[in-house]
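Chain A is fixed; fit chain B onto it per the hints.
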Amino acid sequence: MNKTIKIDGVEIPFKEGQTIMDAALAADIYIPHLCHKPGLSPHGSCKLCTVDVNGRAASSCTMPAAEGQEIENDTPALNEVRKTITQMLFIEGNHLCPSCEKTGDCTLQAIGYHLGMLDGHFPQFYPRREVDASHPTLVLDRDRCIMCELCVRASRECDGKNVFAISGRGTKRHLIVNSPTGRLADSDIELDDLAAHICPVGAILIKDHGYEVPIGRRTFDLHSVAETDLDEVILTKARHHDEGDDSGEKEGGVYGV
Amino acid sequence: MNPKPSEHLLHALHAHQQQHRFVSDQAICDIASRLNLPRAQVEAVTEFYSFFHRNPRGRFDLLFSTCTSCGDLSLQQALCEKLGINAGETRGDGLVSIGEASCIGMCDHGASLLINGLPLHSLDSERIGKIAELIEAETALEAWPAEWFKIDDHIHRADLLLQEPLESGAALRVVEAEGADAALEKIRFSDLRGRGGAGFSTAQKWQFCREAEGESRYVICNADEGEPGTFKDRVLLTSYADAVFEGMALCARIINAKQGYIYLRGEYRYLLESLEAALATRREVGLLGSSILGIDGFDFDIAIVVGAGAYICGEESALIESLEEKCGNPRIRPPFPVTSGYMGKPTVVNNVETLAAAAGIVIHGERWFRGAGTWQSRGTKILSVSGDCAKPGIYEYPFGITIQDILNQCGAENTQAVQIGGPSGSLIGPSKFDHHIAFEDLATGGSFMIFDSSRDLLEIIHNFTNFFAHESCGFCTPCRVGTTLLKNGMDKVCSGHGTAHDLDELKATAALVSRRSHCGLGVTAPNPIRDGLKHFPELFEARLLHQEMEPEFNLDASLEEARQLTHRDDAEAHL
Numbered sequence: 001m002n003k004t005i006k007i008d009g010v011e012i013p014f015k016e017g018q019t020i021m022d023a024a025l026a027a028d029i030y031i032p033h034l035c036h037k038p039g040l041s042p043h044g045s046c047k048l049c050t051v052d053v054n055g056r057a058a059s060s061c062t063m064p065a066a067e068g069q070e071i072e073n074d075t076p077a078l079n080e081v082r083k084t085i086t087q088m089l090f091i092e093g094n095h096l097c098p099s100c101e102k103t104g105d106c107t108l109q110a111i112g113y114h115l116g117m118l119d120g121h122f123p124q125f126y127p128r129r130e131v132d133a134s135h136p137t138l139v140l141d142r143d144r145c146i147m148c149e150l151c152v153r154a155s156r157e158c159d160g161k162n163v164f165a166i167s168g169r170g171t172k173r174h175l176i177v178n179s180p181t182g183r184l185a186d187s188d189i190e191l192d193d194l195a196a197h198i199c200p201v202g203a204i205l206i207k208d209h210g211y212e213v214p215i216g217r218r219t220f221d222l223h224s225v226a227e228t229d230l231d232e233v234i235l236t237k238a239r240h241h242d243e244g245d246d247s248g249e250k251e252g253g254v255y256g257v
Numbered sequence: 001m002n003p004k005p006s007e008h009l010l011h012a013l014h015a016h017q018q019q020h021r022f023v024s025d026q027a028i029c030d031i032a033s034r035l036n037l038p039r040a041q042v043e044a045v046t047e048f049y050s051f052f053h054r055n056p057r058g059r060f061d062l063l064f065s066t067c068t069s070c071g072d073l074s075l076q077q078a079l080c081e082k083l084g085i086n087a088g089e090t091r092g093d094g095l096v097s098i099g100e101a102s103c104i105g106m107c108d109h110g111a112s113l114l115i116n117g118l119p120l121h122s123l124d125s126e127r128i129g130k131i132a133e134l135i136e137a138e139t140a141l142e143a144w145p146a147e148w149f150k151i152d153d154h155i156h157r158a159d160l161l162l163q164e165p166l167e168s169g170a171a172l173r174v175v176e177a178e179g180a181d182a183a184l185e186k187i188r189f190s191d192l193r194g195r196g197g198a199g200f201s202t203a204q205k206w207q208f209c210r211e212a213e214g215e216s217r218y219v220i221c222n223a224d225e226g227e228p229g230t231f232k233d234r235v236l237l238t239s240y241a242d243a244v245f246e247g248m249a250l251c252a253r254i255i256n257a258k259q260g261y262i263y264l265r266g267e268y269r270y271l272l273e274s275l276e277a278a279l280a281t282r283r284e285v286g287l288l289g290s291s292i293l294g295i296d297g298f299d300f301d302i303a304i305v306v307g308a309g310a311y312i313c314g315e316e317s318a319l320i321e322s323l324e325e326k327c328g329n330p331r332i333r334p335p336f337p338v339t340s341g342y343m344g345k346p347t348v349v350n351n352v353e354t355l356a357a358a359a360g361i362v363i364h365g366e367r368w369f370r371g372a373g374t375w376q377s378r379g380t381k382i383l384s385v386s387g388d389c390a391k392p393g394i395y396e397y398p399f400g401i402t403i404q405d406i407l408n409q410c411g412a413e414n415t416q417a418v419q420i421g422g423p424s425g426s427l428i429g430p431s432k433f434d435h436h437i438a439f440e441d442l443a444t445g446g447s448f449m450i451f452d453s454s455r456d457l458l459e460i461i462h463n464f465t466n467f468f469a470h471e472s473c474g475f476c477t478p479c480r481v482g483t484t485l486l487k488n489g490m491d492k493v494c495s496g497h498g499t500a501h502d503l504d505e506l507k508a509t510a511a512l513v514s515r516r517s518h519c520g521l522g523v524t525a526p527n528p529i530r531d532g533l534k535h536f537p538e539l540f541e542a543r544l545l546h547q548e549m550e551p552e553f554n555l556d557a558s559l560e561e562a563r564q565l566t567h568r569d570d571a572e573a574h575l
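Chains A and B, in that order, give the protein sequences. The opening residue of the first sequence carries number 1 in UniProt numbering; numbering runs sequentially from there. The opening residue of the second sequence carries number 1 in UniProt numbering; numbering runs sequentially from there.
Chain A with its partners taken away, still in its complex shape (with noise of 0.2 Å):
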């Protein structure tokens, strides 16, 4: 008999071992998320997933699917606190849409779009955070990390490689580079690495390629977050070789959708 699990009162099956956000993907029901990208190890950072398991509040990437657990998941209580947490992360950074390269393309600027996201609510922190432009063919923009470590996992996990890290504490809280230096160019980071193109915000972008894709006809002007993350196919780049993950869903959707 199959297990299953309700979402808003739609029932849907689970597999043991499958949390709730791989439930729900599974059975197309999209819950918001940055911080996750099905494939690699689940961070419950961002807290955007954020649900009601029979009451109690959990995050869905983290929290493993289980008989009997009844979830709140699109409801406006829900989505106005993910609305309120999309906020601080806009106002905890330097974000300024209108003339970044990301935009269009950038997941955070996209859930903000879905959530009804008006304004940062909130005053700006304004933080002073390092550019580092020294590598040949990438550029690292720190004003626009929001600490998802979605970078961090892909360079460890899909790479190989131990590319970044996250550093400080608190509001102080920054990527690092794992390199003599400290700089992006004396890294064995390189240009095929999904750690390069996973950046759901644009903190890691490619030099040389701003622009290429008009605003108008990018990612999420022409598709909403909640069709676009629900196409997402496992990553499969350079997947780990101890790793014996034979789930057949493996072609396709490198860097994302």
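Simulated from the structure, these hints should not be mistaken for lab results. Incorrect hints may have been included.
The list that follows gives simulated cross-link-like pairs (lysine to any residue, SDA-like), each with its CA atoms no further than 25 Å apart [claimed, not checked]:
hint	chain 1	residue 1	chain 2	residue 2
1	B	507	A	87
2	A	172	B	470
3	A	161	B	36
4	B	391	B	442
5	A	161	A	186
6	B	534	B	402
7	A	15	B	212
8	B	326	B	534
Partial list, computed: chain B residues near chain A (C-beta under 7 Å) [as the list claims (entries may be wrong)]:
hint	residue
9	44
10	47
11	212
12	472
13	473
14	474
15	475
16	477
17	484
18	533
19	534
If you want the ones that stay clear, here's a sample from chain B, every Cβ over 10 Å from chain A, calculated [what the hints assert, rightly or not]:
hint	residue
20	156
21	208
22	428
23	517
Virtual Cβ for every residue (Gly too), placed ideally from N, Cα, C.
Just chain B, lined up with the frame of chain A:
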């Protein structure tokens, strides 16, 4: 047996900083290669813990406690003026630097600071003057008055745990006579619950760990008491350390662990020498090491790892991360440490007091313990009483004691409010002084901070809010951003610039941070604000810019310029 304790990353960074007064980029590279760790990990750890510095500190490095009980920043200001430096800076000649630290656990000793890592207490303006002279004269700390550094236990009420020290090895001998199963049953029947504050059943935790799959298991003593106002573990580790070791060995015997760790908060580094000596004594008499009590296969040893200024490491999974030489970010749960803890192996993490109590229970029997306390909270609780009272110090009471009884016994008068369980606990006013210390009423890890009517309670709440913003690890968005938003909100209200709207904002942000955060720090960080707004709303309202409800700005008035420019003053041009 102890896997490279001297080479633990936290210890390597500390040793380096002792010598060079900061951790440079080059030092990070060198330590990383010596310990065979990624350079970024060493950098991240250096920047995560408050006691590591990336810029040179003075030869006298002073950190004033910011705690409401053991801190007094007016004294910091006074010393800064005498020495001619600004707080947070190192003097140009490299002689002295002055900064701040969260509560250093000296709340029963008056205003305190850490000087080169050592607690120095009972500060007043006279002593500050002498300190300035000693520093200017470059007098070595060894030549400073010894009594300034002498730390007393201040035990004012002893009950089950503090009455008499346990006989070394007594609990282990009982286990060998009666068997590990019987010992675990004793603890189960005693209803011992974790003394850190959360109150999880100790027997159940040990049983889960015992039954978890894994070829090795660990016992960890959580001696990272960082909750402002708590110092009972300091006293236990000063005068009852052997009972704590006994509890650890007992747990090890029951769950079959070979290695234990004490995670000692950096503020208590001064205890390290005596703790190591006590461990050595236990090894000499066969109560630690291989073949304990001469029993073949009963091997267990304890190593001490010293933290470096991070409140979050009191959270058990963050503590384990720190033990694993990483930043203290709390882990995702499940899995829980009992199945996947230190190095991914089944691990018991217990509070210092819990381990001492477990040893006592096995020796004296479960009735000894069950006889005290309430139906849902058995046994006694050691409280660290501080703040505005005649006799601050350690009070061990059976659970169920009322707040008023404690206030009477410690000589508190004109009490305006009490913070039970520290900033992460509850702030209560006189209407709740008939409530009880118990898991089912007012639960506490041991902090009991008293504020009399002379105190500005709003500033106390402000202080606690700053504390959490400073100590948030920053892993999850609600806590990382939210605790700073709460701090900014309190800054605004306390400086007299707040409006009714700001209070609504504080309320809403507090609710979100509390409900949506990743770990207990975020869940409890808004407590002071929430309790304050609930029980003392008049304090907030009295500080607002306008006493009556007013919008943030007058929309109609702000259109005046536009009206003038367009030469309009008709009804349509007004709101």
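Here is how each hint holds up against the structure:
Among the hinted pairs, residue 507/B with residue 87/A is consistent with the structure: their alpha-carbon atoms are about 17 Å apart, no more than 25 Å. For the proposed pair residue 172/A and residue 470/B, the alpha carbon gap of about 10 Å is at most 25 Å, so the pair holds. Restraint check for residue 161/A and residue 36/B: satisfied, since their Cα atoms lie roughly 16 Å apart, inside the 25 Å limit. With a C-alpha separation of about 22 Å, the suggested pairing of residue 391/B with residue 442/B holds against the 25 Å cut-off.
For a cut-off of 25 Å, the pair hint linking residue 161/A to residue 186/A stands: about 14 Å separates their Cα positions. At roughly 21 Å between alpha-carbon atoms, residue 534/B and residue 402/B fall within 25 Å of each other, so this suggested pair holds. Taking the CA atoms of residue 15/A and residue 212/B, the gap is about 23 Å. The hint holds against a cut of 25 Å. Note on residue 326/B and residue 534/B: the hinted pairing is violated, with a Cα-Cα distance of about 39 Å set against a maximum of 25 Å.
The interface hint given for residue 44/B is met, as the beta carbon of that residue sits about 4 Å from the closest beta carbon of chain A, less than 7 Å. Using the Cβ-Cβ criterion of 7 Å, the hint placing residue 47/B at the interface with chain A is satisfied: the shortest such distance is roughly 5 Å. Given hint, residue 212/B at the interface with chain A, is violated; its Cβ is 17 Å from that chain's nearest Cβ, farther than 7 Å. Taking 7 Å as the C-beta contact cut-off toward chain A, the hint placing residue 472/B at the interface holds, the least distance being around 5 Å.
The interface hint given for residue 473/B holds, since its Cβ lies 6 Å from the closest Cβ of chain A, which is under the 7 Å cut-off. Of the supplied interface hints, the one on residue 474/B holds, with its beta-carbon coming within about 4 Å of a beta-carbon of chain A, less than 7 Å. Checking residue 475/B against chain A by beta carbon gives a least distance of about 5 Å; that is within 7 Å, so the hint holds. A least Cβ separation of about 5 Å between residue 477/B and chain A falls short of the 7 Å threshold, and the interface hint therefore holds.
Look at residue 484/B: its Cβ gets to within about 5 Å of chain A, closer than 7 Å, so that hint holds up. For residue 533/B, the suggested interface contact is broken, since its CB lies about 19 Å from the closest CB of chain A, more than 7 Å. At its closest, the beta carbon of residue 534/B sits 21 Å from a beta carbon of chain A; the interface hint therefore is violated under the 7 Å criterion. For residue 156/B, the requirement that its beta carbon stay farther than 10 Å from each beta carbon of chain A is met, with the minimum near 36 Å.
Every CB of chain A is more than 10 Å from the CB of residue 208/B (nearest about 17 Å), matching its label as outside the interface. Residue 428/B, annotated as away from the interface, keeps every beta carbon of chain A farther than 10 Å; the closest lies near 26 Å. Listed as outside the interface, residue 517/B is inconsistent with that label: its C-beta sits roughly 8 Å from the nearest C-beta of chain A, within the 10 Å cut-off.
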